Amino acid sequence: MSTATISGRKKSFLSGLPVISHVNKSVGLQRGMLITGLVLTGLFLLSTVLAPFIAPYGYSQLSDASGSFPTQEAPSSKHLLGTTVGGYDVLSRVLWGSQTAVTVIVVAVAMSIFLGVALGLLSGYFGGWLDRVLVVIADAIYAFPSLLLAIVMSIVISRGQSSFWGGILACAFSITVVFVPQYFRVIRAETIRLKAEPFVESAMVLGASSLRIITRHIFKNATRTLPLMFTLNASEAILTLAGLGFLGFGIEPSSAAEWGFDLNKAMADASSGIWWTGVFPGIAIVLTVLGLTLVGESINDLNDPRLRGRKRAGGKASRAKAAAGTPQPETGSPEAGKA
Amino acid sequence: MTTLIEVPDVEPDAVAPKSKSAGGGLGRYIVVRFFLIIPTIFILVTLVFFLMRVIGDPITAAQGGRLPPDVLAQRIHDAGYDRPIIFQYFEYLGQLVTGNFGTTITDRRPVVEMLSTFGAATLELTINALIVALAVGIPLGMIAAQRRDKATDAFLRCFAILCYATPVFFSGLLLKLTFSVWLGWLPVAGRVSTRTELTMGQLAAPSGIYWLDALRSGDFNALGDVVSHAVLPAIALGLLTAGVFLRLVRTNVIGTLGKDYVEAGRSRGVSEFRLVTKHAYKPALIPIITVMGLQIALMLGGAVLTETTFEWKGLGYQLVQYLNARDFVAVQGIVVLLAVIVAITNFVVDVVAALIDPRVRY
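Chains U and G, in that order, are what the protein sequence lines are. The first sequence runs 5 to 343 under this note's numbering. The second sequence runs 4 to 365 under this note's numbering.
Derived by calculation from the structure, the hints in this document are not laboratory data. All of these numbers come straight from a predicted model, not from anything done at the bench. Errors might be hidden in some of the hints.
[Said to hold, decoys possible] With a straight-line cut-off of 30 angstroms between C-alpha atoms, the simulated DSS-like cross-links for lysine-lysine are:
hint : chain 1 : residue 1 : chain 2 : residue 2
1    : G       : K281      : G       : K153
2    : G       : K285      : G       : K262
3    : U       : K29       : G       : K153
4    : G       : K262      : G       : K281
5    : U       : K269      : G       : K262
6    : G       : K153      : G       : K262
7    : G       : K262      : U       : K29
8    : G       : K316      : G       : K153
This is chain G alone, in the form it adopts within the complex (with noise of 0.2 angstroms):
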């Protein structure tokens, strides 16, 4: 008999929408969105704390071998890891509160500083991607749609999941192969040549995006040198994410392409080409800024990937440094942090949407 009564539990989901929808308003909805990064990250810290000290204490892990017994013990006991795990949890849930990502083990730094010094390098290679992506996709996209089911549509589609197939490390290793090595014409690795690096040095205050920093220089060399240096990590990371908004814009064009409007605009003598690139495309870019939130927690997977391909010295080519040092303090400092990153990246993307479609707030 119970099952009878458990039948209305299906509405409180239903119902839940509606009453916020009530309250309406966008600062409502951003402050409302605005409190969920709070449970996303809280949930995040605690699988990644726990799962990283199931194996263990980090100091034994990164110096394990090395250290006599007793020293390690005394290590271990200085940075308070021999204390109950709970207890530890909670201290750590302060530090994050205060700003305090951990101390590195190997070379004794904060994580904090990490992202100032290294932040800016995987900034600015998601933006370039990023570019790259929308540069590629969109136009493309648009023509698979006005070509529907034709061979360029056929093409481009392949080209798409071509484009979600390749990893990231295999066609950066295909761009470095013709590019760097047989023709010769960009630099196969690093961010910036040393001698920029030296000339970049001297601004105040630098930025830490290279090509901001070199437009300020005024040296034209350096600015050639910096974008010569972007061009393939940033081809490489946005190919990935271009497939995704290629697909997207051209489902979504084609649903608009069918509206009355669009047949209005047809029937009244507006070319096709206009068609596509006024009435039809503007409708079907609002989906894109939504996935463009999801795509930067892929990017800033990439990215990792990136990084090491092409030594670019950015958070994570960091987090493979340590990986391979076994600092997991560090690892997990880095993990958070990114991890936050990703958090707020959705939480502006979600209001972003909001603010151009007002269908989103609820």
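Next up, chain U with everything else stripped away, as it sits in the complex (with noise of 0.2 angstroms):
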């Protein structure tokens, strides 16, 4: 993860951006990767702006000026992508949806992210029985399926209660909890590995204080992975909401648009043939995780140097020598254990 720093030797300060900077040191195929996900996130991100103004209709409307929705209409010009069984507008659901998801992760992430790498820095910098104690929860929760973890906080936290803050906030929550023992490993790790440098050191001999060797000198250092970790776990996020929405935990389909729910009333739908209304839901869902993990995933390739991909000029010589800097046996990459 190194080379962000390496290449940022800055020659200009666009190119030193983290994500532009990749984009201009991969090639070939890796490229075509990452523009992708860029594409589709940024095409997410969009929507998620645009919604009010390019959505023909709201999430919850069920009538406009010529009289009721029809319901589990086929596409038309006048419903471009049909009906579903409740009557609404299926292209207006979707393009609201993004809205709700980009809600979600947002607090998800922020509130993991912040409890994550506090505790990590805490437990990794002043160990003892805490540090014991912080590491066998982690343990625990992050070896439990993450979907039942998050289906008993949702129960805890929403209590059925499904307004748009209500249900947002019972999904985001129950995320976190998912999603903070990652966090926490790594910088946990991190910071045990830093407290052994030699600036650290040489910090606590001249009688720094610890809060100030914590904030300063391996805070920064211990969360350079995180922009990473965002995107892989922003699609993850995307996913457990869906699955929530899916079982029944979703939001009120009156409060805010949810791909999850809508899927689960489309299921019914399917036998009879009626596939308009799960389709598009499931492929908003899979286009937004598509592109969101291709980000990630080529970030993660394009900082280590042993698995970026190489320009030909060296051709399978070369390819052959950096093969053989072996890439560690991936066993349990956070990405990997869950989804």
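Bring the two chains, given one by one in their own frames, into a single complex with the hints.
Take a look at the structure:
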């Protein structure tokens, strides 16, 4: 992950920015994957911002000037993607759904980063019984199916409430509980490593307070991998949100549009051949997760010189040589373990 | 000055594995690993118990609006939910130790019974999905590794990400639409048709794993029926994990392909195909076994969604039914039950990994 700083020997401000430097650094297929991811993520964010302007109807709108919407109507010029069993316009709900998704991701990931980083720093720096207890708890939570944990949390938080913010916060908190152990682990491991570094020791010798060492010396160094984790976790957050929605813990259709909830309602339609109610929200989920994952993975690969695609100049010989620097067997990376 | 003394504090972490390795031995590893199950389960049980009690007592949650207040209070008192929570907690722990996971409120059935009734269905689904995942993930991963940075590799990697990006219920929906509704090849939902269920019901001591029962009944129509029901759920859940396996095999085979012994094989004229399938492939499998443990936890989560999608009557399906009925004793029981299953599976996987790879033991 250190290449970001190495390549950041500033040529210009623009090419030093994380994502742009990654695009410049990539070649061939890898560049294609990164750009595809960026485009998909861009579309997702764009539809979030523009939903109020481009969506033909409101997310909970059941009628317009010409009367109430028909139910389960096939795609037509009036309803481009058809209508649901409840009489909602599918296109509008798909577009508005991105707003819900972004809100949940931002709240969930911000909270988990805050908690995970704080606990990880404290636990890693001070060690002792606090560290032991936190590690055991984090491991226990980490080994547990995340969706089940999210279900329990959302029962606790929402108690059946389904207002917009109630539902959003319930989902976000539930996802937070799942993510905190991941951030905690990464930050704690980094903190323990950094604590043994000479610059931390010298700060200790100089008499710097623990607070100062943690905030000034360790924090910045330990959190370099966070942007990457953010992209990977954002996609996981969408999947968890959709899963919760699918099981009926989402947000009521009248208070916000949520893709998972719509898919749940569409399940019964599928048996009678009504495909448009489920396929479009599903595609929205897949494309969003795909975009975020492509960005995260590409950045991950580009940051790791062993995985980075090489320019063709050296041909096969250089590839064989580079491959000799064997990649570590990828066993327990967070994104491999959970989804 | 105290900070100076803290510096050696880093050491225990580094020393700990060493002191354990002195003890060595597989037997010792298994025992130590076994006792690590207990704190894991204990923490999850504690967490789930207190979280579920924060929202009030389960009887009010389940039957709140439907009963007059005095009857409700009497029921709460009878069940002991008006006692101090810490008392209830220890009582609950005591019950768990004796294998009592509670009794559901809505239909008054012991939760443990559910394991025997619905556990087999979930087990069957998980095994089927695992077979699909391995059958798809490992060969494709090997192909991707061998064709590294070519179009095939790019395609397969995109496929892997797509597998991960598609929620089970969406892939389930697409599979249903394609194979059940449009092509009409496979049934839409359920585990088996009623007629077959009756045939198999006549068996003495049915295992609950339907393809096993169907095999035993010797009725090939029954077997065909069971398999046709099992295909779509297995693919939906299996593909989710197949992507993870694909990437894992790819990364590891690329790693081993660069090793000296593979180079030596190549210089002796061993074919590229044989290099991948024989030489590079086996060492790359070890991490798969480790990851499989994590994947089983993931699959149980996925199984809840898959079972709901396909009305596959297993533990996950049952869990969702009780969730909708707001029967939180049942929910808590099933969640704890699944926690125990996950902890034991992880233990087994770790032991298997230690058997295969001596470096794992500490």
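Evaluation of the provided hints:
1. K281/G to K153/G: Roughly 22 angstroms between the alpha carbons, so the hint for K281/G and K153/G holds.
2. K285/G to K262/G: Holds, at about 13 angstroms.
3. K29/U to K153/G: holds, 19 angstroms
4. K262/G to K281/G: Measuring from Cα to Cα gives roughly 14 angstroms; hence the hint holds.
5. K269/U to K262/G: violated, 52 angstroms
6. K153/G to K262/G: Holds: K153/G and K262/G sit about 21 angstroms apart, inside 30 angstroms.
7. K262/G to K29/U: holds, 27 angstroms
8. K316/G to K153/G: violated, 43 angstroms
Hint check: violations occur at hints 5, 8; the rest are consistent with the structure.
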